[in-house]
Amino acid sequence: MDYNVIIDNLPLYLSGLWVTIQLVVMALVAGFGLAIPLALMAVSKNSLLRYPAKTYIYFFRGTPLLVQMFMLYHGMGQFEAIRESVLWIVFKEAYWCAITAFALNTAAYTAEILRGAIEQTPFGEIEAANAGGMSKSTLYRRIILPGSFRRALPAYGNEVIFMLHGSALAGVITIVDLFGAAKIVNSRYFVPFESFITAGFFYLCCTFCIIWFFKWVEKHWYAHLRPRTH
Amino acid sequence: MFDLHGYFPMILEGMLLTVEVALLSLLIAVILGLIGALAKLSKSRIARNAAAVYTTLIRGVPDLVLMTLIFFGGQIMVNNLGDSMGWDYIDISPFVAGTLTIGFIFGAYMTETFRGGILAVSSGEIEAALAFGMPSWKVFVRITFPLMVRHALPGFGNNWMVLAKTTALVSVIGLHDMVYNAGVAGGSTRQPFTFYLVVALMFLCITGLSDLGLQWVNRRFSVGVRKV
Numbered sequence: 338m339d340y341n342v343i344i345d346n347l348p349l350y351l352s353g354l355w356v357t358i359q360l361v362v363m364a365l366v367a368g369f370g371l372a373i374p375l376a377l378m379a380v381s382k383n384s385l386l387r388y389p390a391k392t393y394i395y396f397f398r399g400t401p402l403l404v405q406m407f408m409l410y411h412g413m414g415q416f417e418a419i420r421e422s423v424l425w426i427v428f429k430e431a432y433w434c435a436i437t438a439f440a441l442n443t444a445a446y447t448a449e450i451l452r453g454a455i456e457q458t459p460f461g462e463i464e465a466a467n468a469g470g471m472s473k474s475t476l477y478r479r480i481i482l483p484g485s486f487r488r489a490l491p492a493y494g495n496e497v498i499f500m501l502h503g504s505a506l507a508g509v510i511t512i513v514d515l516f517g518a519a520k521i522v523n524s525r526y527f528v529p530f531e532s533f534i535t536a537g538f539f540y541l542c543c544t545f546c547i548i549w550f551f552k553w554v555e556k557h558w559y560a561h562l563r564p565r566t567h
Numbered sequence: 003m004f005d006l007h008g009y010f011p012m013i014l015e016g017m018l019l020t021v022e023v024a025l026l027s028l029l030i031a032v033i034l035g036l037i038g039a040l041a042k043l044s045k046s047r048i049a050r051n052a053a054a055v056y057t058t059l060i061r062g063v064p065d066l067v068l069m070t071l072i073f074f075g076g077q078i079m080v081n082n083l084g085d086s087m088g089w090d091y092i093d094i095s096p097f098v099a100g101t102l103t104i105g106f107i108f109g110a111y112m113t114e115t116f117r118g119g120i121l122a123v124s125s126g127e128i129e130a131a132l133a134f135g136m137p138s139w140k141v142f143v144r145i146t147f148p149l150m151v152r153h154a155l156p157g158f159g160n161n162w163m164v165l166a167k168t169t170a171l172v173s174v175i176g177l178h179d180m181v182y183n184a185g186v187a188g189g190s191t192r193q194p195f196t197f198y199l200v201v202a203l204m205f206l207c208i209t210g211l212s213d214l215g216l217q218w219v220n221r222r223f224s225v226g227v228r229k230v
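If you're matching them up, the sequences are chains A and B in order.
Numbering-wise (the numbering used here), the first sequence opens with residue 338 and increments by one.
Numbering-wise (the numbering used here), the second sequence opens with residue 3 and increments by one.
Read the hints as simulated data drawn from the structure, not as lab findings.
All C-beta atoms in this analysis are idealised placements derived from N, C-alpha and C, irrespective of residue type, glycine included.
Be a bit skeptical, because a hint or two may be false.
Reference listing, derived: stretches of chain B covered by chain A, where coverage requires no fewer than 3 residues with Cβ under 8 Å from a Cβ of chain A [stated by the list, open to error]:
| # | region |
| --- | --- |
| 1 | 62 to 70 |
| 2 | 192 to 200 |
| 3 | 203 to 213 |
Far from chain A by the CB rule (all over 12 Å, computed), these chain B residues [unchecked claim]:
| # | residue |
| --- | --- |
| 4 | Asp-85 |
| 5 | Asp-93 |
| 6 | Gly-118 |
Below, a sample of chain B positions facing chain A; criterion: calculated Cβ distance under 7 Å [as the list claims (entries may be wrong)]:
| # | residue |
| --- | --- |
| 7 | Phe-74 |
| 8 | Gly-75 |
| 9 | Lys-167 |
| 10 | Val-174 |
| 11 | Val-181 |
Only chain A is shown next, with the shape it has when bound in the complex (with noise of 0.2 Å):
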């Protein structure tokens, strides 16, 4: 090991690992929003609603990552009106190509994740709600949507760091993320032991600290299930 060589381009590994929190921080975020309605959708009783958040859910599930960014990336300037469009601005730009991506990817995951645990809702809550006159929406607002957020949580936890390896084919469309500065220092001195371990080691440090922020949440969310201590 030189580890010369990873010193020198702390720096590099730094930016990129600041590129790769960006990249995995929007994604989620914009993934969190578009899962809630597609969720919402996807446990609709009404099939013009349900059908389309189901395909989505199939779609984006069932084809790898890769191919889906690939997709926009390279596909999008395929279209003279998308090229003509204000969405070119996003779509001609690596970076937000991988953003929008990864969000439409991890938006279906994540519904359906919610969507198990909305439908695992225990029928006695509804039956308050309903007895204490709820209104559908405040019935969702305050009582399944809190609920399922709860239940979702050991899954979501595992989505997130999903999204995170995930995030690093990135470096593959030349965004310069984690991945993509090992790649840079590999090919700039032949060093693919040194490049590559020190980018699986942050991502190994990002992978724990995201471990530790949802065993944190959870101790949080769940104190009402813990055993009495007295």
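Based on these hints, arrange chain B on the given structure of chain A.
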């Protein structure tokens, strides 16, 4: 539906390679998964710790990073080993690197799946086998393994679907799979979106067909199970 300008056979060829990589790495993953699960459940502390390090490391690092590490780093390692042993030059092809990495990664996921499956086998069955004087390998082959399959099958199915999608990454290290060929065809026809969409639909076909296959296997292994 799509005008593919005669590139469809090329995509199909790529699909064949995708399926080949997927099946071969599945084989490696199952073998590693069984070894890993047995190591995690073994009495030896070294085996347990080694398996724990394996699953934690693999599941903490992105597959793409591992794949490039094995592709570029594996070549250097083989070169050094070859120099000291006096072998001829051995080339690590993208096919070998891709298949090994994907098998290696999913071995970690299979370890967890199989471990859960083995734990779900009722201990009475194993005790009965031991009471008949079966040696422990025979207990595993005849009793634990066949009974474990049913419990491990849902997790196995999930892992397989994720594995099939992960094979798309081999195009990044230059293997001419479905995704790579779609890139070539899309570049020369200037219709990248069309070709990537076709590839996406092919992946949906693969996962859809596997779903049917898995349902069939599940029925076979649950024949004696009463349902509520």
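Here is how each hint holds up against the structure:
no., hint, verdict
1, 62 to 70, "holds (count 8)"
2, 192 to 200, "holds (count 7)"
3, 203 to 213, "holds (count 4)"
4, Asp-85, "holds, 17 Å"
5, Asp-93, "holds, 15 Å"
6, Gly-118, "holds, 15 Å"
7, Phe-74, "holds, 3 Å"
8, Gly-75, "holds, 4 Å"
9, Lys-167, "holds, 4 Å"
10, Val-174, "holds, 6 Å"
11, Val-181, "holds, 6 Å"
In this structure, none of the earlier numbered hints is contradicted; all agree with it.
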